[in-house]
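Asker: When you get a sec, could you build the whole thing from the sequences and use the hints?
There are 2 protein chains.
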Amino acid sequence: MATIRDVAQRAGVGVATVSRVLSENGYVKEETRQKVLEAIQELNYTPNEIARNLYYKRTGIVAVIIPQISHPFFAEFVDKVVVELFSYNYKAMICNTWSDGSYELQYFDMLKRNMVDGIICGTHSITNEEYFNIDRPIVALDHTFGKAIPCVSVNHKEGGRLAAMELIEAGCKNVLQFRGSSKTGSPALLRHDVFEQIIKEHGIGYHEILTDINDVSEASADKATYEFINNYSDVDGIFGTDIIVMSAMKRAHEKGIDIPGQLKVVGYDGTEMSRLASPGLTTICQPIGDLAKESVKIMMDLINGKDVDTNEVHLSVSLHRDKSTAH
Amino acid sequence: MATIRDVAQRAGVGVATVSRVLSENGYVKEETRQKVLEAIQELNYTPNEIARNLYYKRTGIVAVIIPQISHPFFAEFVDKVVVELFSYNYKAMICNTWSDGSYELQYFDMLKRNMVDGIICGTHSITNEEYFNIDRPIVALDHTFGKAIPCVSVNHKEGGRLAAMELIEAGCKNVLQFRGSSKTGSPALLRHDVFEQIIKEHGIGYHEILTDINDVSEASADKATYEFINNYSDVDGIFGTDIIVMSAMKRAHEKGIDIPGQLKVVGYDGTEMSRLASPGLTTICQPIGDLAKESVKIMMDLINGKDVDTNEVHLSVSLHRDKSTAH
Numbered sequence: 001m002a003t004i005r006d007v008a009q010r011a012g013v014g015v016a017t018v019s020r021v022l023s024e025n026g027y028v029k030e031e032t033r034q035k036v037l038e039a040i041q042e043l044n045y046t047p048n049e050i051a052r053n054l055y056y057k058r059t060g061i062v063a064v065i066i067p068q069i070s071h072p073f074f075a076e077f078v079d080k081v082v083v084e085l086f087s088y089n090y091k092a093m094i095c096n097t098w099s100d101g102s103y104e105l106q107y108f109d110m111l112k113r114n115m116v117d118g119i120i121c122g123t124h125s126i127t128n129e130e131y132f133n134i135d136r137p138i139v140a141l142d143h144t145f146g147k148a149i150p151c152v153s154v155n156h157k158e159g160g161r162l163a164a165m166e167l168i169e170a171g172c173k174n175v176l177q178f179r180g181s182s183k184t185g186s187p188a189l190l191r192h193d194v195f196e197q198i199i200k201e202h203g204i205g206y207h208e209i210l211t212d213i214n215d216v217s218e219a220s221a222d223k224a225t226y227e228f229i230n231n232y233s234d235v236d237g238i239f240g241t242d243i244i245v246m247s248a249m250k251r252a253h254e255k256g257i258d259i260p261g262q263l264k265v266v267g268y269d270g271t272e273m274s275r276l277a278s279p280g281l282t283t284i285c286q287p288i289g290d291l292a293k294e295s296v297k298i299m300m301d302l303i304n305g306k307d308v309d310t311n312e313v314h315l316s317v318s319l320h321r322d323k324s325t326a327h
Numbered sequence: 001m002a003t004i005r006d007v008a009q010r011a012g013v014g015v016a017t018v019s020r021v022l023s024e025n026g027y028v029k030e031e032t033r034q035k036v037l038e039a040i041q042e043l044n045y046t047p048n049e050i051a052r053n054l055y056y057k058r059t060g061i062v063a064v065i066i067p068q069i070s071h072p073f074f075a076e077f078v079d080k081v082v083v084e085l086f087s088y089n090y091k092a093m094i095c096n097t098w099s100d101g102s103y104e105l106q107y108f109d110m111l112k113r114n115m116v117d118g119i120i121c122g123t124h125s126i127t128n129e130e131y132f133n134i135d136r137p138i139v140a141l142d143h144t145f146g147k148a149i150p151c152v153s154v155n156h157k158e159g160g161r162l163a164a165m166e167l168i169e170a171g172c173k174n175v176l177q178f179r180g181s182s183k184t185g186s187p188a189l190l191r192h193d194v195f196e197q198i199i200k201e202h203g204i205g206y207h208e209i210l211t212d213i214n215d216v217s218e219a220s221a222d223k224a225t226y227e228f229i230n231n232y233s234d235v236d237g238i239f240g241t242d243i244i245v246m247s248a249m250k251r252a253h254e255k256g257i258d259i260p261g262q263l264k265v266v267g268y269d270g271t272e273m274s275r276l277a278s279p280g281l282t283t284i285c286q287p288i289g290d291l292a293k294e295s296v297k298i299m300m301d302l303i304n305g306k307d308v309d310t311n312e313v314h315l316s317v318s319l320h321r322d323k324s325t326a327h
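Going down the list, the protein sequences come from chains A and B. Just so we're aligned: 218 in this note's numbering is position 218 of the first sequence, and the numbers increase by one with no gaps anywhere. Just so we're aligned: 291 in this note's numbering is position 291 of the second sequence, and the numbers increase by one with no gaps anywhere.
Careful: at least some of the hints might be erroneous.
Note that identical chains are pooled: a pair holds if it fits in a single copy or bridges any two copies.
Distance condition first, Cα-Cα at most 30 Å in a straight line; then the derived DSS-like pairs of lysine-lysine [to be verified]:
| hint | residue 1 | residue 2 |
| --- | --- | --- |
| 1 | Lys35 | Lys112 |
| 2 | Lys223 | Lys293 |
| 3 | Lys223 | Lys255 |
| 4 | Lys112 | Lys29 |
| 5 | Lys293 | Lys173 |
| 6 | Lys323 | Lys255 |
| 7 | Lys147 | Lys306 |
| 8 | Lys255 | Lys157 |
| 9 | Lys157 | Lys293 |
| 10 | Lys223 | Lys147 |
| 11 | Lys297 | Lys112 |
| 12 | Lys157 | Lys147 |
The hints are simulated quantities; they were obtained by calculation from the structure and are not laboratory data.
Answerer: Right, dumping it as structure tokens:
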């Protein structure tokens with residue numbers, strides 16, 4: 001394989017000149033530039049990307065840390081992040097944590113060792129202090145670190161309100177919420193408080209089943225909906241993530257409970273997958289594409305050393321109304 | 001930030017000695033090694049990964065090219081690939097092509113420029129010749145290149161047979177297949193021929209709707225199932241990918257068609273998402289974890305210069321029987 005030295009020799013110039021042509025940096029006479037470009041073509045020379053990155057102190061890679069890529073919300077988020085990064089000539093490295101903080105630490109170590117230029121972090125199993133030790137570009141999805149690290153999130157309170165009002169308007173008298181919990185806290189959890197408050201204010205029966213928000217596995221959804229169908233089959237309305245309520249809908253179907261006749265259902269996330277539910281699922285949609293766009297925009301500003309507004313970004317949610325809450 | 005020179009100075013040794021300690025390569029007196037390690041700790045020195053990779057001519061990254069990460073089959077495949085790569089201390093870079101060959105070529109260019117050590121390729125929109133021009137590690141998922149490039153696939157013929165037999169045993173008399181098509185060919189398409197052949201051999205009515213296998217978008221599934229519900233609502237059995245048949249089930253539900261009473265349904269892929277269908281979906285399961293394991297194993301052998309058996313690897317499929325074909 002041809003090296004930069006071969007190119008220089010063929011073009012009859014020094015290595016530094018070839019380097020200037022490649023980087024489009026510094027003055028090179030047009031005639032010389034042409035000679036170098038011809039030599040590059042003749043020798044089929046491709047510059048070594050690693051060496052180039054060493055020179056620019058850039059890898060062109062942003063790591064995206066998530067609990068599990070096969071979870072529909074994270075799959076869609078990453079899909080859109082890849083699109084956005086591509087437009088900046090950046091690539092995405094995928095880092096699953098399987099909700100285990102020790103993986104998260106390993107990935108952060110990667111950032112310290114310059115394997116990636118920044119991290120978009122969609123899961124948080126470690127303490128804030130461990131984040132603050134890293135003086136490199138980090139953008140957090142749905143996690144508040146105060147002023148230290150920019151956070152991109154949606155207006156989850158409004159999401160909780162929309163869900164509660166939808167079940168109330170559909171005539172529910174006894175509802176159950178699948179409630180996410182987390183040791184490290186997340187603005188996403190705010191929807192649960194608002195949902196509970198509004199339901200109770202309306203004098204409606206309220207129950208909840210707890211689930212770990214970092215554990216997005218099928219087994220975890222299965223466990224929660226097993227508890228629902230065995231202990232709460234008398235509720236007439238449920239609210240939870242798309243995955244959990246779709247699992248609950250399957251169990252209701254097996255038990256001969258009619259949706260929406262006997263049970264009204266509202267999901268959360270609005271993933272593409274939720275469009276495949278039968279009957280059609282009413283769900284609170286997060287603007288996943290915009291979350292990705294905003295996260296990548298802030299990341300690029302951080303990488304390029306620009307000033308970044310570290311106030312939390314709150315994007316709007318919306319209600320997608322379908323058969324599962326018809327009345 | 002501390003450099004290798006700072007470490008050398010603090011430890012009172014030469015840079016080459018520090019380098020030997022870091023790479024665990026070459027003899028260093030134990031006493032000296034301790035001094036170096038102490039200096040590393042005192043200065044909180046982390047070696048520059050880019051420089052290290054330049055030295056070893058490795059990036060520690062494998063690119064995974066897929067049409068779209070948010071498609072459940074590819075999301076699960078990538079999820080498992082990330083797990084497998086992790087066990088080899090490798091990371092995955094995600095490359096979406098959105099079924100556009102020009103993206104594929106850009107990603108291959110990345111391999112040529114040493115940005116990644118290899119490519120696991122799960123989509124094929126470009127010609128075989130373009131692949132053969134690349135003398136670097138490539139593993140293909142579901143695409144045959146003859147002896148040049150190893151291919152990992154399942155026994156799709158058996159998948160087609162199992163699906164046909166399931167609908168026949170369920171008593172179907174008039175079935176429809178959502179048939180994938182592709183310009184570049186794929187062993188995955190073999191299931192369609194076998195399915196059609198067995199159905200016809202049994203004197204059962206046969207219809208098909210064509211879909212582009214590289215276009216895994218929701219819109220594409222929507223279009224196909226729209227045609228189904230409008231032109232073929234008299235069929236009593238359907239076979240297609242999990243996504244397509246779940247979309248068809250939703251349309252059938254909206255039209256008041258009972259599943260499995262009036263319509264039997266068999267999916268293909270066996271993704272986790274298919275477990276959320278109501279009623280429960282009978283589907284042909286690809287062993288997605290094993291596909292990932294096998295792909296990564298071959299990739300690692302290629303990267304390490306080992307001899308690789310380029311005969312196609314055919315893993316077994318299995319039938320998951322559920323409510324959608326009950327009779």
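Asker: For every hint, state whether the structure bears it out.
Answerer: Evaluated hints:
1. In this assembly of identical chains, the alpha carbons of Lys35 and Lys112 lie at most 30 Å apart only when taken from different copies (23 Å versus 41 Å within one copy).
2. In the homo-oligomer, the alpha carbons of Lys223 and Lys293 lie at most 30 Å apart only across protomers (28 Å), although the nearest pairing inside one protomer, at 34 Å, exceeds that limit.
3. Proximity of Lys223 to Lys255 under the C-alpha cut-off of 30 Å is restricted to the intra-copy arrangement: shortest distance 16 Å within a copy versus 32 Å between copies.
4. For the identical chains of this complex, Lys112 and Lys29 are inter-copy neighbours only, at 29 Å across copies versus 40 Å inside a copy, given an alpha-carbon limit of 30 Å.
5. In this assembly of identical chains, Lys293 and Lys173 lie within 30 Å of each other by CA distance neither inside one copy nor across copies; the values are 40 Å within and 50 Å between.
6. For the identical chains of this complex, Lys323 and Lys255 are neighbours both inside a copy (19 Å) and across copies (13 Å), given an alpha-carbon limit of 30 Å.
7. Taking CA atoms no more than 30 Å apart as the test, Lys147 paired with Lys306 passes inside one copy only; the shortest distance there is 16 Å, against 51 Å between copies.
8. In this assembly of identical chains, the alpha carbons of Lys255 and Lys157 never lie at most 30 Å apart, being 33 Å within a copy and 36 Å across copies at closest.
9. Taking identical chains as interchangeable, the C-alpha atoms of Lys157 and Lys293 lie at most 30 Å apart only when both belong to the same chain, with a minimum of 22 Å there against 42 Å between chains.
10. Taking the closest pair of Cα atoms, Lys223 and Lys147 never come within 30 Å of each other, the shortest separation being 37 Å inside a single copy and 47 Å across copies.
11. Taking the shortest alpha-carbon separations for Lys297 and Lys112, both the intra-copy value of 21 Å and the inter-copy value of 29 Å come in at or below 30 Å.
12. With identical chains, the CA atoms of Lys157 and Lys147 are at most 30 Å apart within one copy only, with a shortest distance of 21 Å there and 57 Å across copies.
Comparing the model with each numbered hint stated earlier shows that hints 5, 8 and 10 do not hold.
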